Amino acid sequence: MFDWKWEFAWEILPRLVTATGNTLLAAGAGYAIALVLGLALAIAQRSPYRGLTFVVREFVEFIRSTPLLLQIFFIFYVGPQFGIRLSPWMSGMIAIGLHYSCYLSEVYRGGIDSVPKGQWEAAIALNMTTVQKYRRVIIPQAIPSALSGMGNYLVGIFKDTPMLSVIGVAELIHTANAIGSEHYRFLEPFTMVGIIFLAISLPAAGLIRLVEGRVRRKLGLK
Amino acid sequence: MNIFDFVIQYWPRLLAGSGMTVAQFFLAAILGVTIALMMGLMKLSSNKLIRGSAVTYIEIFRGTSLLVQLYWIFFVLPLFGVTIDKFTAGYVAVGMNIGAYGAELVRGGILSVPKGQWEAALAINMSPAQRMQRIILPQALVNMLPPWGNLMIELLKGTALVSLISVADLMFETKQINSSTFLSAQAFGAALVIYYILARFMVTPFMRWLEGYMARKMGRA
Numbered sequence: 001m002f003d004w005k006w007e008f009a010w011e012i013l014p015r016l017v018t019a020t021g022n023t024l025l026a027a028g029a030g031y032a033i034a035l036v037l038g039l040a041l042a043i044a045q046r047s048p049y050r051g052l053t054f055v056v057r058e059f060v061e062f063i064r065s066t067p068l069l070l071q072i073f074f075i076f077y078v079g080p081q082f083g084i085r086l087s088p089w090m091s092g093m094i095a096i097g098l099h100y101s102c103y104l105s106e107v108y109r110g111g112i113d114s115v116p117k118g119q120w121e122a123a124i125a126l127n128m129t130t131v132q133k134y135r136r137v138i139i140p141q142a143i144p145s146a147l148s149g150m151g152n153y154l155v156g157i158f159k160d161t162p163m164l165s166v167i168g169v170a171e172l173i174h175t176a177n178a179i180g181s182e183h184y185r186f187l188e189p190f191t192m193v194g195i196i197f198l199a200i201s202l203p204a205a206g207l208i209r210l211v212e213g214r215v216r217r218k219l220g221l222k
Numbered sequence: 001m002n003i004f005d006f007v008i009q010y011w012p013r014l015l016a017g018s019g020m021t022v023a024q025f026f027l028a029a030i031l032g033v034t035i036a037l038m039m040g041l042m043k044l045s046s047n048k049l050i051r052g053s054a055v056t057y058i059e060i061f062r063g064t065s066l067l068v069q070l071y072w073i074f075f076v077l078p079l080f081g082v083t084i085d086k087f088t089a090g091y092v093a094v095g096m097n098i099g100a101y102g103a104e105l106v107r108g109g110i111l112s113v114p115k116g117q118w119e120a121a122l123a124i125n126m127s128p129a130q131r132m133q134r135i136i137l138p139q140a141l142v143n144m145l146p147p148w149g150n151l152m153i154e155l156l157k158g159t160a161l162v163s164l165i166s167v168a169d170l171m172f173e174t175k176q177i178n179s180s181t182f183l184s185a186q187a188f189g190a191a192l193v194i195y196y197i198l199a200r201f202m203v204t205p206f207m208r209w210l211e212g213y214m215a216r217k218m219g220r221a
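In the order they appear, the protein sequences are chains S and Z.
Under my numbering, the residues of the first sequence are numbered 1 to 222, in order.
Under my numbering, the residues of the second sequence are numbered 1 to 221, in order.
Isolated chain S, as found in the complex (with noise of 0.2 Å):
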């Protein structure tokens, strides 16, 4: 800390400050994409087509194994090869979404296991399409279980986004990495960074766990 320098902090903060509000907003819509995408892999995994559900399982493994930074270059360098132009925050978004949706499938994919058989049965007793099945008997109740594990990954998410820096994102590490190389100061941006990167995670975690407390108890769940 000897050669911190307040003035200079102050005078970068607003700079920061937009930037974590493009961070939150990659984590967002990354985070919706997410959601959506990987309950369709986890229905999908759980359909009676034997061919279906062995790509779907094969291509989830895939993404999990791979790392999201090759990812989101995979996305924005081979799409113009095809003649697809996708802009850094459009392939970033896609990136992020594809990655956590298989992350998400698993969760959801838990959560779905844990219904018990008879729920199943009484559907299809019911003369419930399948669709029907999942909509009003089988998500409402794998939700619960899956809370903690989708509260999870949206700070995950958050923390995750760094990454698009790469491709021109102009989120925090972007940012902070622009102002270090304008002032030549590095000490101030990438220790702030650090620090609102602490200072949302921390709370938001803890703000996770109340609500998965909270609607487990509506639910009548422990």
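Honestly, the hints are just simulated from the structure, not real lab data.
Please read these numbers as outputs of a predicted model, since none were measured by experiment.
Heads up, none of these hints are tricks.
Label-pair distances were calculated between CB atoms; the ranges are:
| no. | chain 1 | residue 1 | chain 2 | residue 2 | range |
| --- | --- | --- | --- | --- | --- |
| 1 | S | Trp6 | Z | Lys217 | 50 to 60 Å |
| 2 | Z | Ala16 | S | Leu13 | 36 to 46 Å |
| 3 | Z | Ala23 | S | Gly220 | 51 to 61 Å |
| 4 | Z | Lys217 | S | Asn127 | 46 to 56 Å |
| 5 | S | Arg217 | Z | Leu111 | 18 to 28 Å |
| 6 | S | Thr129 | Z | Tyr196 | 33 to 43 Å |
| 7 | S | Ile195 | Z | Gln130 | 39 to 49 Å |
| 8 | S | Met128 | Z | Ala23 | 47 to 57 Å |
| 9 | S | Trp6 | Z | Ala120 | 53 to 63 Å |
| 10 | Z | Thr56 | S | Leu13 | 16 to 26 Å |
| 11 | S | Phe8 | Z | Glu59 | 25 to 35 Å |
| 12 | S | Ser47 | Z | Val22 | 34 to 44 Å |
Each residue gets a CB set at the ideal place from its N, CA and C atoms; glycine is no exception.
Following the hints, position chain Z against chain S.
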């Protein structure tokens, strides 16, 4: 150019990059496991100061992202007079990050050892160090190995970030090849497959083998 021609032409660089990725992986894994054991044990200490420092470490490294930690270690630490070359900065950042996640697994594993084991060790007059080393830790290790398998995959994926401080790993080589040839689909596609092979056919089977080996050693198989 199809992907096979691509691999035939560029395999030396892909191989060199993969070698660097594997080196980063091993060094980060050793550091990560060591930190995880240390912090996990410290978090269970009855001394407030020791417990507090472990909690602080874990929360800082789990609360900020790996990329922030990597840049901080590489760009900011030199300002305090600690200059680390990029190779070391890479695996140190990844290892310290994974260590914080692993500490929670270690803590959970130790707490999962039945109470009777603790009491039995006490009854035969073992010192706390003997008890931990001979009775508790071996059983805790077996219990916590399955989640470590996932963490090791996360570790492998985490090493891709060291390319951003120019460590010449697989990710870095791929980016270089891409910017000189513009063969994006082939370059990034090949790298994706290599990472997948490393994760699915090397890391995961090794962790499975280790689980079985440890279980046999403990007479549980």
